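Q: What follows is each chain in one-letter form.
There are 4 protein chains.
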Amino acid sequence: LEAAKKAGKVRVPTNVVSSICDDRGEEPTYHGVTMSTLIEGDFGVGDVISLLWFKRSLPKYATRFVEMCVMLCADHGPCVSGAHNTIVTSRAGKDLVSCLVAGLLTIGPRFGGAIDDAARYFQDACDRKLDPDEFVEDMKKKGIRVPGIGHRIKSKDNRDKRVELLQRYARKFFPATRYLDYALRVEAYTLTKAANLVMNVDGCIGALFLDLLHSSSLFSAAEIEQIVKIGYLNGLFVLARSIGLIGHALDQKRLQQGLYRHPWEAVLYI
Amino acid sequence: LEAAKKAGKVRVPTNVVSSICDDRGEEPTYHGVTMSTLIEGDFGVGDVISLLWFKRSLPKYATRFVEMCVMLCADHGPCVSGAHNTIVTSRAGKDLVSCLVAGLLTIGPRFGGAIDDAARYFQDACDRKLDPDEFVEDMKKKGIRVPGIGHRIKSKDNRDKRVELLQRYARKFFPATRYLDYALRVEAYTLTKAANLVMNVDGCIGALFLDLLHSSSLFSAAEIEQIVKIGYLNGLFVLARSIGLIGHALDQKRLQQGLYRHPWEAVLYI
Amino acid sequence: LEAAKKAGKVRVPTNVVSSICDDRGEEPTYHGVTMSTLIEGDFGVGDVISLLWFKRSLPKYATRFVEMCVMLCADHGPCVSGAHNTIVTSRAGKDLVSCLVAGLLTIGPRFGGAIDDAARYFQDACDRKLDPDEFVEDMKKKGIRVPGIGHRIKSKDNRDKRVELLQRYARKFFPATRYLDYALRVEAYTLTKAANLVMNVDGCIGALFLDLLHSSSLFSAAEIEQIVKIGYLNGLFVLARSIGLIGHALDQKRLQQGLYRHPWEAVLYI
Amino acid sequence: LEAAKKAGKVRVPTNVVSSICDDRGEEPTYHGVTMSTLIEGDFGVGDVISLLWFKRSLPKYATRFVEMCVMLCADHGPCVSGAHNTIVTSRAGKDLVSCLVAGLLTIGPRFGGAIDDAARYFQDACDRKLDPDEFVEDMKKKGIRVPGIGHRIKSKDNRDKRVELLQRYARKFFPATRYLDYALRVEAYTLTKAANLVMNVDGCIGALFLDLLHSSSLFSAAEIEQIVKIGYLNGLFVLARSIGLIGHALDQKRLQQGLYRHPWEAVLYI
Ligand SMILES: CC(C)(COP(=O)(O)OP(=O)(O)OC[C@H]1O[C@@H](n2cnc3c(N)ncnc32)[C@H](O)[C@@H]1OP(=O)(O)O)[C@@H](O)C(=O)NCCC(=O)NCCS
Ligand SMILES: CC(C)(COP(=O)(O)OP(=O)(O)OC[C@H]1O[C@@H](n2cnc3c(N)ncnc32)[C@H](O)[C@@H]1OP(=O)(O)O)[C@@H](O)C(=O)NCCC(=O)NCCS
Ligand SMILES: CC(C)(COP(=O)(O)OP(=O)(O)OC[C@H]1O[C@@H](n2cnc3c(N)ncnc32)[C@H](O)[C@@H]1OP(=O)(O)O)[C@@H](O)C(=O)NCCC(=O)NCCS
Ligand SMILES: CC(C)(COP(=O)(O)OP(=O)(O)OC[C@H]1O[C@@H](n2cnc3c(N)ncnc32)[C@H](O)[C@@H]1OP(=O)(O)O)[C@@H](O)C(=O)NCCC(=O)NCCS
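Chains as they are written, first to last, in the numbering used here: chain Z, 1 to 270; chain G, 1 to 270; chain V, 1 to 270; chain E, 1 to 270.
Since the hints were made in silico from the structure, they are not lab data. Some hints could be false.
It does not matter which identical chain is meant; a pair holds if it fits inside one copy or across any two.
Said to hold, decoys possible - Once the Cα atoms are required to be at most 20 Å apart in a straight line, the calculated EDC-like pairs of lysine to aspartate or glutamate come out as: (1) Lys55 / Glu223; (2) Lys60 / Asp42; (3) Lys161 / Asp22; (4) Lys161 / Glu40; (5) Lys60 / Glu40; (6) Lys154 / Glu265; (7) Lys193 / Asp131; (8) Lys253 / Glu223; (9) Lys140 / Asp124; (10) Lys154 / Asp23; (11) Lys154 / Glu26; (12) Lys154 / Asp22; (13) Lys161 / Asp42; (14) Lys161 / Glu26.
Keep in mind it's a predicted model, so treat the numbers as computed, not measured.
Please model the entire structure based on the sequences and the hints provided.
A: Now the structure itself:
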């Protein structure tokens, strides 16, 4: 390219490469599928996600699963880090995008962002045929918390309903649930250690996505590895929770809440 | 409250008020509807948006319309401001949330963020029974561009397919399309001024949302006014485009694109 | 340009115009001043801000004033919206940039972002020779709070030290303090209404910047108008508070604080 | 705490711990130093950074070094990722904070964010007394690029002036430059591999900060380790570049640049 450029053969060298959406023709296309096809056929939000993220059409059970994840992760109350930041920003009188963004920025290893790591570790451990107790003890030695395990509120006797609903769906429609089964064996072991070390919604989605990718026979091994490595799955949580965060931003504006100030007496100054 | 607090009657005064999602019970609820209901019934992403943003269930034609907006606005190629920023950030090796956020921050008056203003002005002009030409000339006098009108690429003879699809749907399913009809009369007038002054997708969604709110008989006049004033509708564009932005961020990582640097020769240093 | 482009005369049309910093030569320059000059001469952070924002060298008393603003606004404890969001994000385990950004996004009309509006209104009222009471009552009629007036904590008998320090400096070094004097007359009037309606630090910086711009004789009237209209001055607060926000992000990491969750009992669910 | 809380002994348990700035008294203090002291003494921006980030006063040569880093890293033209994103966002008509933030979010491993990693690796290699060639070859085996080495534009015969200025200052004022010397030996080796593998400004600041921390005798070994591990130093780049990014945002507004759209012909659609 550099040579061609120097030789004057290329007038404007392309400096961006892109592959998901083409807006140059009569009608924009998502991975080659036109808007008209999408709207006039029986397609939904899950199909758009498939096309733009995974660059292929996925079967109905898979796109519905994607939509279920979006629905279940859309919100989890005003107390979690993301909603709280959004609420504070909305109460500072800022525009909707700023409010949403301030909340999104809390998503990461400790809040909502454990799906990819859960998938990474479960896949690795399961594929290496590690016994769940070995896996957990190994992680402990390395000083890493098992991603996808643990919840601040939920526990053995107060399960996360979202996790149950996802499991039930997968057992009914997925060709196989090898990774879910593995994750449940991990949970069985961690629950012997502490009652709050349940498989959380991140862990469940992580494991089930592995099952989806592996059992759908639509992805090559190399593609799965890339998806898991790059980290597509947190994208799902991020997208889903955007619905809730926007909701919280609007809620505060509707309720005309004033500037938030954390109470002095709730701070320990050291 | 301050008094009660001082009197020791209130131990921990609440400092946050919230109304969209309750996570304290057995199961989180979206405006009172449990996760189980949502998943086990035939509900979708549009229903979750209705519950969390509008705090009510909307009829099927309305939630499908919401989902159509999300699908149609999900992406519009790599060249627009939002996608471009996300691409640059992804190529800087940043995490998915940062990439998404850098793109979202471009959404505003000139890019994607005109839906609410379109609704505001169309509603005001239509309700005041202004003739479209009066309205447009009025805006001109005030030096304000008519939001929802104009496109950098599309024009009279190269219509935006998305706008057509939305119109067709609304004519089929909406009880009334009073505001759409008004917006089209505005467009008819602006097109006499320049070929690219078409009703854009922001304008179309803005007008149709007014129709939805007014003709569904589920919202009081005061509620509609609040929705339009606060600006719920840009939320839709923001949510929709998040799908595309996440797609672009993943795309660049998949394509292993290196650090972007804008070409020197494309900059005019003054 | 378009014509030249079509005629093939321009191969790569410039699509960005920029004027503050040139990085093409041997040495990057800030508005024409080389790094070597800056470092080897007795220049400081205030000079860099002058060159990159105002595109000129400012006299020592002015760059020191700029630096004073940065120093005084650098932080204001962990309870304000910005610091709080940064703390929450840091406790979510996110990277430094994300923590900073989540805090910055709260800066706006209600938190720290009133400097430009203060300058705008004080300039307008003072130039129109409005009596302070007229001005305040006018604003009241319009339903706009006087920007630069009011504080949640400080009051008549508990003045903001930062405001005092800035005033003292200006009286000593500024050629004139016409706008400050006006702002103080406004405060005198608002204090008759409520004890917390003091001139706040935003108001003080806003007024003094007007004095700086007008009395330095380095800016044309058109330039001043543009600076006030565009809103350079919030930039100062934003830059300054970045120091504090980064400090809070690091502080939480140093203190190894875990994920923040707002206490349920501090939320009123309605 | 939980017990005390349950027993009703603690009414409002503190849920935030903070240590850098106290705003409860008459006057806010930065690590115990009042505003008045800062302004009335001969203190500057570097001192505020020392107090809020490092929680101690640093000697004059150190705070001047901090200020020099801020000055030298304040901007590097409109073409780099950060400035470009800010420019695009400003041209989308967004507020100053959004513009700044969109630029900041590109700072990371490939753009500006290599200071901490440079410090980490140089410290580790130097303390383990690795020969520079061993160190570089080791990194190569691990597939990690040496942070602080390499530049897209600068090279052996076109050195980065900023790097020279920092070095010269350090040799004059620092008690010791052990880590700088090590980094230069690393550069000597990488330059034998390619002409653009120079020590970049990130590498230089990283090495010199190690020298500052170690030779000032103000930090314990544990404190230094924590600073390097947590990553304070990118904070410096982030703060510095904020000046330039704000400058670019204002510049575009001043120049009244319209919405940016990346040229179609500069994109390779695949
Ligand atoms: C979710 C999470 C932050 C909740 O944490 P928490 O309730 O504050 O738990 P604590 O930090 O008080 O931990 C309590 C104990 O459980 C252990 N623990 C918590 N999560 C663990 C995990 N995932 N794996 C192994 N041990 C874990 C802790 O090490 C601690 O043990 P210790 O007292 O011997 O040190 C935490 O479980 C976690 O980090 N999980 C992994 C990441 C994840 O999945 N996040 C997404 C959640 S939706
Ligand atoms: C979308 C938009 C940014 C495209 O702008 P553009 O193609 O760059 O158009 P230009 O800025 O070159 O404008 C060309 C002419 O049309 C006029 N024009 C553009 N949009 C107009 C509008 N919405 N109403 C009235 N006149 C308009 C301009 O004033 C200009 O006239 P002039 O040359 O006499 O000054 C612009 O039409 C606009 O701002 N629309 C309103 C906001 C909106 O709907 N945004 C969402 C778009 S998805
Ligand atoms: C700073 C500020 C948010 C503090 O607000 P607060 O302490 O929560 O004040 P409240 O909202 O409780 O207001 C109390 C009363 O004072 C009035 N008031 C507050 N600030 C006012 C102002 N700047 N001008 C006129 N009246 C004001 C309110 O209208 C209210 O009167 P009401 O009870 O009759 O309605 C507020 O004063 C303000 O918005 N100021 C203008 C913006 C500004 O300068 N911000 C930067 C602050 S650093
Ligand atoms: C700054 C940087 C991104 C510039 O990259 P670039 O000019 O695009 O360089 P390229 O990616 O084209 O690399 C060219 C060759 O040099 C090598 N190289 C580049 N930087 C290297 C480094 N820091 N250490 C070892 N080798 C390096 C590459 O591996 C490549 O070799 P190959 O062709 O055999 O694969 C890059 O040098 C880098 O990543 N440096 C480390 C991080 C850093 O310091 N960033 C801050 C810069 S201000």
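Q: Identify every previously stated hint that the structure contradicts and give their numbers, smallest first.
A: none
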